[in-house]
Structures are given as structure tokens and as C-alpha cells.
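Participant: Keeping their order, the protein sequence lines are chains L and B. Following our numbering, the numbering of the first sequence begins with 1 at its first residue and continues without gaps. Following our numbering, the numbering of the second sequence begins with 1001 at its first residue and continues without gaps.
It is worth saying that the hints were derived from the structure and are not from the lab. Glycine residues also receive a C-beta, built at the ideal position from the N, C-alpha and C atoms. One thing to keep in mind: the hints can contain errors.
As the list claims (entries may be wrong) - These stretches of chain L come out as covered by chain B in the derived footprint (C-beta under 8 Å, 3 or more residues):
#1 162 to 176
#2 271 to 284
#3 306 to 320
#4 385 to 391
Unchecked claim - Residues of chain L placed beyond 12 Å of chain B at every Cβ, according to the derived structure:
#5 D31
#6 A36
#7 W94
#8 D104
#9 G196
#10 E209
#11 A238
#12 Q398
#13 I423
#14 Q429
There are 2 protein chains.
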Amino acid sequence: MDADTLIHARWIIPVEPAGKRLEHHALAITDGRILALLPSEEARQQIEATEVVELPGHALIPGLVNAHTHTPMTLFRGLADDLPLMEWLQRHIWPAEQQWVSRDFVAAGSRLAMAEMIRGGTTCFNDMYFFPDVTAQVAHQAGLRAAIGMILIDFPSAWASDSDDYLQRGLALHDQYRNDPLVKVIFAPHAPYSVGDEPLKKVRTLAAELELPVHMHVHETRDEVEQGVASHGLRPLARLDRLGLLAPDLVAVHMTQLEEAEIAKVAEASVQVVHCPQSNLKLASGFCPVAKLLEAGVNVALGTDGAASNNDLDMLAEMQSAALLAKGVSGDPAALPAFQALEMATLNGARALGLEDQTGSLLPGKQADLCAIDLGALETQPVYDPVSQIVYAAGREQVTHLWVKGIPLMRERQLLTLDQPRILADADQWRQRLEAGRQADPGGR
Amino acid sequence: MDADTLIHARWIIPVEPAGKRLEHHALAITDGRILALLPSEEARQQIEATEVVELPGHALIPGLVNAHTHTPMTLFRGLADDLPLMEWLQRHIWPAEQQWVSRDFVAAGSRLAMAEMIRGGTTCFNDMYFFPDVTAQVAHQAGLRAAIGMILIDFPSAWASDSDDYLQRGLALHDQYRNDPLVKVIFAPHAPYSVGDEPLKKVRTLAAELELPVHMHVHETRDEVEQGVASHGLRPLARLDRLGLLAPDLVAVHMTQLEEAEIAKVAEASVQVVHCPQSNLKLASGFCPVAKLLEAGVNVALGTDGAASNNDLDMLAEMQSAALLAKGVSGDPAALPAFQALEMATLNGARALGLEDQTGSLLPGKQADLCAIDLGALETQPVYDPVSQIVYAAGREQVTHLWVKGIPLMRERQLLTLDQPRILADADQWRQRLEAGRQADPGGR
Chain L
1 MDADTLIHAR WIIPVEPAGK RLEHHALAIT DGRILALLPS EEARQQIEAT
51 EVVELPGHAL IPGLVNAHTH TPMTLFRGLA DDLPLMEWLQ RHIWPAEQQW
101 VSRDFVAAGS RLAMAEMIRG GTTCFNDMYF FPDVTAQVAH QAGLRAAIGM
151 ILIDFPSAWA SDSDDYLQRG LALHDQYRND PLVKVIFAPH APYSVGDEPL
201 KKVRTLAAEL ELPVHMHVHE TRDEVEQGVA SHGLRPLARL DRLGLLAPDL
251 VAVHMTQLEE AEIAKVAEAS VQVVHCPQSN LKLASGFCPV AKLLEAGVNV
301 ALGTDGAASN NDLDMLAEMQ SAALLAKGVS GDPAALPAFQ ALEMATLNGA
351 RALGLEDQTG SLLPGKQADL CAIDLGALET QPVYDPVSQI VYAAGREQVT
401 HLWVKGIPLM RERQLLTLDQ PRILADADQW RQRLEAGRQA DPGGR
Chain B
1001 MDADTLIHAR WIIPVEPAGK RLEHHALAIT DGRILALLPS EEARQQIEAT
1051 EVVELPGHAL IPGLVNAHTH TPMTLFRGLA DDLPLMEWLQ RHIWPAEQQW
1101 VSRDFVAAGS RLAMAEMIRG GTTCFNDMYF FPDVTAQVAH QAGLRAAIGM
1151 ILIDFPSAWA SDSDDYLQRG LALHDQYRND PLVKVIFAPH APYSVGDEPL
1201 KKVRTLAAEL ELPVHMHVHE TRDEVEQGVA SHGLRPLARL DRLGLLAPDL
1251 VAVHMTQLEE AEIAKVAEAS VQVVHCPQSN LKLASGFCPV AKLLEAGVNV
1301 ALGTDGAASN NDLDMLAEMQ SAALLAKGVS GDPAALPAFQ ALEMATLNGA
1351 RALGLEDQTG SLLPGKQADL CAIDLGALET QPVYDPVSQI VYAAGREQVT
1401 HLWVKGIPLM RERQLLTLDQ PRILADADQW RQRLEAGRQA DPGGR
């Protein structure tokens, strides 16, 4: 049997079938797809590969899926921390966005974010930001798999003037990437409180026609829910239900405020939930009832949120935070065990984005989106269970290799598709501009 | 002016004075002590140093103080996760300890832990485990500053047979290290539920005589408090108060179950509190009310706990977890800001252990216990505020240099006092033994 690439690893965690840990196995790739998983010894005899990769102390897992982020916001990383939410948004983030967000800003911020994500094991991300055309282009250059949001919000920005303009620009972008193997352009109305009924109805109709997910912040904070009740006489989820949006194509992010009946409703409607534990903690947004959602059968994925509210795009850390926080919040140390956290960060993310036939697990036939983690470091020794070490002890620095669609994006921690020195120089230039702007504006921090 | 070492850094965060960020400064060391902090330009003109270290993209901070750990338990890292507390303890940890804990086990486990701590920026740790004499010896070899606990518990172990034996062995160890510049042997009664009144009274008397801290798990879980009430008719804190132990020399670890009156009492008695956020989450022990304790004026330090319940000894991650969790639990995104988390992980830890005249901040005259963190990586760019980047975005892999008492223990991530290949080989050997033992015992997992 011939293969393009044959990867031998100490452990392979295919995620499907659930719970499986393979030892001393190999994964063969042909034409960007997973051809087979088999014991290394057999593979050495049976498979003739163009390239052979040896990972003697590593775990090979599906590439991580960051199911919610705002990539360009890496340029705001640490700009304003430890502030009340409204002060953070109104006095820092929104003014900074109004002043600085442009095609160049988005390009530099997206590149920084994608380099960070590749270095941290992420092969696929779901983005929502202005100038999604620029982020899509950078994703294409980086070679990452991406769901790029057609952002829609009821206020003008440098990207679009009104809701029709947002939609039109979004749909043009969707058209442009219609046949792209890696970039999928999906709907991304910002949040119930920032998008009115009419544009949401259009999204409902178009998403059904085009069979695309609808990526949206939902029930992020108690205030949001209270304001929703005050403005519409309904909790936001109930309003989305009335608009027909509670459906399997809704990717509802945050969901920290959920009553029992809402959990049942979300489960019944097969809504996708994205949990962002570090962002929810940092902004004191509340606790997503992850254990209850999973128990109710809801597909819960994992996201980092943007770097302004996290402050990194580290999915390994996010898995750990999710697994720890679910235990703390539910009072049950057996809640969200390590394997389930890994599943959230891979297969559940793929499912939420409608990509589960392509990525999220190492089933033969799927695209070869892979991440290798070296467990040989002191910090993850000894290894009794590789999954426990990945979720509870491994750091992003232990990610050594990354492939998307069988193409290597990182090898031995060297980025292969992005120009690291340029990314760092750009980030520092933007810092200088922002700091100069802040000094000129006494209203800033 | 002459110095042994002169370190130029992009940023220096001395922790004292509070909030200070110095840019392009240098720190001079003579005879193991901090001689001066001054602008790099001046230092280059005024100071003649034997060794000059250039840290052009780094933040230099006080070495981190891990105020609660069980170093040898690194060998149990990931042995048994995601289990109810009592099943975890009774079916996994205690049997494994009974079967395996020995001088050799403690030596190998301590070495692994200390290598990990050095790589993660920790210069001082507070330990509680069997065979503290072995851990003290390894700390001495590693060159780390350590508070080593005279463990005291009401059941026999391979280390001691009964409470008198524990105390006697502990005091002999204390005697041995009486004049050691780095190792301080302190009291360490395990917990109110595992140590009776009589031994605790002896500790009270001896700690006052010898002027030593008393390191103890207190109010870790709700069950512990309820059992305390059932056994003694008192909540454990009240019992400790009756025994005279609520005093500035008590280092009370965990403290997740605290009523308002107890917070006031703890503040009034100037008890030291050690918060272990990741361990408390993972074991679903409850939430330490850190924001309230700090507001009440309590000195709150930070610890990782042992690697069996964390599962790493990463104080940078622990700072981040503490800062995030305090916001989530208090509902206030301004709670526990980044600088305060750094203070907890440095100065407050030193204070808790009675070492604040020696370590925990970069005041001239203190011992040169230092940690350098390279903020030039993608993951911490751009830098608007180095403290925010350290707490919210930096990873342990960005720690490049470590000094204790002016002596380098790590340089450009190379360990200088410990033998990394040997540590890794030992860890793997212990894994093999434990796994063989587990297969032989069908009662194990």
C-alpha cells in the first residue's frame, strides 16, 4: 500500500471511537485524507510512504477546533484588563476598534492569531470580526481550516454601513469561497442585543437556503438577559426561538445564563453550544452549565474567545480550564473527565460547524487534520494515561507538529506557512501606534 | 561600584513598591543579595560586574513562591483522575502511597518536582510529605529555597509510627537544618481531621518556642467541616481556635468553606491563607473566597498542591487561574487584578512562610531570588503591560533564567543543578513499577 505520509506515534488518540488510546500505532495519509490507522510494526511492513515521521514520545490527536474567536483582537491582548465589563467595552475596546480597525489591522492581527493557534495545536477556527474577507485570505495563506463569519451588527463600522450592507458583503464573501476546500463562510449575527428582528429573520431564511451555521453570542451575561427582557419582553433565547433560530444550525456561544427549561429546550432543538471558560471567568460573565448541557445530550464545543478577553488562543489551556471548572461548578470531581474535554475541543467543535465529516477525529476517510504533542517533557512525566496528560498537564509548547488536510503547517515547532519575524514586527508596530494614540487621547487609560 | 552579577532587563517588576513597572533597568547582585536596581544606562556606566546578563525582551520578577505542594507526588501525576474524592483517595492515592512511598520514591519524585518548578519560575516552595529529610536533601542539591514540613498525622507510615515518632523525627530534621541558608524546617500537621488535640497542642507550644510556621490543610471541603462538627461539636476552624492555633504563624491551606464570621476571625488573627485554585476545582472542593479575604486584609498566598491533584506545578498557570476564578466567583471582573495575583505568587508566599525579609520582592538587601520571563514570544505579543502578559498570557516555557540567592539554577532553559536525563529515566522506571503493581492488584483501576 502506498501513502504520501506515514506518521508513527507513541500514542494515537483518534477521539472516534470514543475513549480509544492506541499505542505504537501509525497513521497513513493519502491525498490529504486519513488512509488508515494500524500498529506501527504492520505499517512498517505494509506501507510505502513518501515521507515518514517518527514521533516516539508523542501523542497524535485530531487538530484542535477553536469554535469561537475574534482573531484580529490579538493586537488588543492585554490592552485593558481587570475592568468592569461596560467600562472595558465602552472606554477601551470599542473606542480602540473604532480608531484602529482597518484591513491592515485585521491582516496583522489575524496573522498573529493564526501563528499562535498553529503553535498551540489548533487546525480549525471559527471567527467573527470586521473585514472577514481579510481574515479569510490570511487563513488561506496560513493553510488553516476556518469558518469565517459574515458579521452582522446594527451599527456601522469601517467594514459595513448598515445591516443590509453587512449581509451583502458577507454573501459576496461566501460566494467567493463557495468551493474552497478549507474556508467556509458562515453567518455571524453578533448577538441578540446588537441585531434587530428584521436582519435576524433574513439570516434565518438565508441560513436555511444556503445550509450554513449561524454563529452568535447568546446569553453571555445576566445583564444581557435582563436587558433583553426589558426591550423585547422576552429572554433572548425565547426571542431567538420566536424568530425560528433555535435549530441545529445555531452555534450559540457562551450560554452562561440558562434556566433548566432552557437547557431542555436547547437540547430538544439540537442547538450547538460553544463554551469559553476563560473568557467567562475573566469578564465575570457567569458559569455555563456544561455538565448539565452534556448530560442533556447537547453538543458542547470549546472556544478561546478573542485575545482581548482571555488573553491567549491556547486550546490546551482551554480544555484544562473547561475540565476543571465543570468539576468546581457542578461540585462533582467526576464531571467532564479528560477524554470528554478532548472531545469538546475536537469532534464537538467540528460538529458545531457542520464539519464533522471532514475533521474532528481520526476516522479513515476524514481529512488529515492532526496535532502532535510531545509528552516526553518533565511536565508531563510519568505518563499513565496520555489523555490525562494532554488535558491536565501538557502546555502549548509541547505541540510539535501540525497538519491540515495532510499538509504540514508546523514541523518541530517551525512554522511553515507564516512568516514569524514579520508577524512579530507588525505586532510591535501596531502596539506603538496604539500607545501613541492612547497618549494623545486623555480619555484613554 | 562592583557587583557579582548585573542583569539588564526590558522590564523589571520588583513587586515592592506595589504596582511598579521599571523599563530598561538593571539589577545588581553582590554576595547573593540584591545590591541595587537602576536604569540600564546608569548601570552600564557605574557598575563593574563579573557577569553581565542581557534580557532584552524579558521581564525580571521575584522568583515565584509555591506556598503549598507535595513534591514527591509528581510520580502519581495522572495516575487516577476524574474520580469522586473519597474513591480517589481511598482506592488510588492512599493504597499507592502505602505500597510505594519510600526514601527512593521521595527522592525521585522530589527531583522531578523541583526540576519542573525551576523550569516554571519557582524559587521557593512549601512542602508537606513523608520522608521530609529526603526532600530537604534534594532541595539542598537543587539549590532551591524551601520550607520543609515536619509532617504529623495520626496514622503510621513508612516514615514514622505514631505522632510522637513523627514529631521526634521532624524535630531532628529541624535541628539538622537549623543554620541552613535555604532550607527551613517548619511544622506540618496534616489537617484538623487527621491530627488529634494532643499532638496539635504540642505543635502549638513548640511552634511558639521555635518561632516556626504551622503548615496545615484547613477547611478543604464541606465534608471535612461537617465531619469536624460531628466528631468535635465544632467547625475545624473553631477547634483550631480553641487549641490556640489561629495565629499569624498558621499557614492554612485551601480554606474553601468560610462563613463571613470566619473570614473576620481569620483576618483578626492574621492567619496566613494559601489558595490552590486548580486543585480546588479539580477535586470539586469548593471556592476559596479570595476576593473577600484580600478585602478583609488577609495575606493570601498561592500554591499548586501536589501533582496528583493539579496535575502540574506551574505557578504561572496558578496565578492565571487565581485571577480568573476570583472574578468568576465574586462576579466582579475587577477582582484580583493581574498585579495582585503576582503579589500573591511572590511576596504573599514569602510572608506566609516567614521569609519576607529574604525573598518575595526585589528590594535591595533581600536575597537575589529571581525569575526571567521572555515576553518576546508570539503568545505574549504585543506587550502593553508586562504584568498583564505574565499573568494572563505567558506560559511556563517562557521562563528562561532562574536565580536563588544570586546563584543561577537555570540559564536559557538549561537546568544547572539537576540532572534532567536521570530524572526522566527515574520517573519512567517508577511508572513501570507502579503499572506492574497495578496489574498485579485487581483492586486497582
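Participant: Is the listed coverage of the stretch 162 to 176 of chain L by chain B valid when you require three or more residues with a beta carbon under 8 Å from a beta carbon of that chain?
Facilitator: That given contact is violated, which follows from only 0 residues of the stretch 162 to 176 of chain L lying within Cβ reach (below 8 Å) of chain B.
Participant: For Q398/L, which was marked as not at the interface, is the minimum beta-carbon distance to chain B over 12 Å?
Facilitator: Given that some Cβ of chain B is not farther than 12 Å from that of Q398/L, nearest at about 8 Å, it is violated.
Participant: Please check whether the beta-carbon of W94/L is more than 12 Å away from every beta-carbon in chain B.
Facilitator: 16 Å, holds
Participant: Examine each Cβ of chain B, and state whether all of them lie more than 12 Å from the Cβ of G196/L.
Facilitator: Correct as stated: the minimum Cβ-Cβ distance to chain B is 28 Å, above 12 Å.
Participant: Quick one: see if chain B covers the stretch 306 to 320 of chain L, three-plus residues with Cβ-Cβ under 8 Å.
Facilitator: Satisfied; 6 residues make the cut.
Participant: Quick check for students: does the CB of Q429/L sit more than 12 Å from each CB in chain B?
Facilitator: 9 Å, violated
Participant: Is it the case that D104/L keeps its Cβ farther than 12 Å from each residue Cβ in chain B?
Facilitator: 15 Å, holds
Participant: Minimum C-beta separation from I423/L to chain B exceeding 12 Å: can you confirm that?
Facilitator: Violated, since 7 Å does not exceed 12 Å.
Participant: With a cut-off of 8 Å between beta carbons, are at least three residues of the stretch 385 to 391 of chain L near chain B?
Facilitator: Since three or more residues must qualify, the claim that chain B covers the stretch 385 to 391 of chain L holds, with 3 doing so at under 8 Å.
Participant: Is the claim that A238/L lies outside the interface with chain B correct, judged by CB distances over 12 Å?
Facilitator: 24 Å, holds
Participant: Minimum Cβ separation between E209/L and chain B greater than 12 Å?
Facilitator: 40 Å, holds
Participant: Mind checking, does the stretch 271 to 284 of chain L have 3 or more residues with a CB under 8 Å from chain B?
Facilitator: Result for this restraint: holds, n = 6.
The earlier numbered hints that this structure contradicts are 1, 12, 13, 14.
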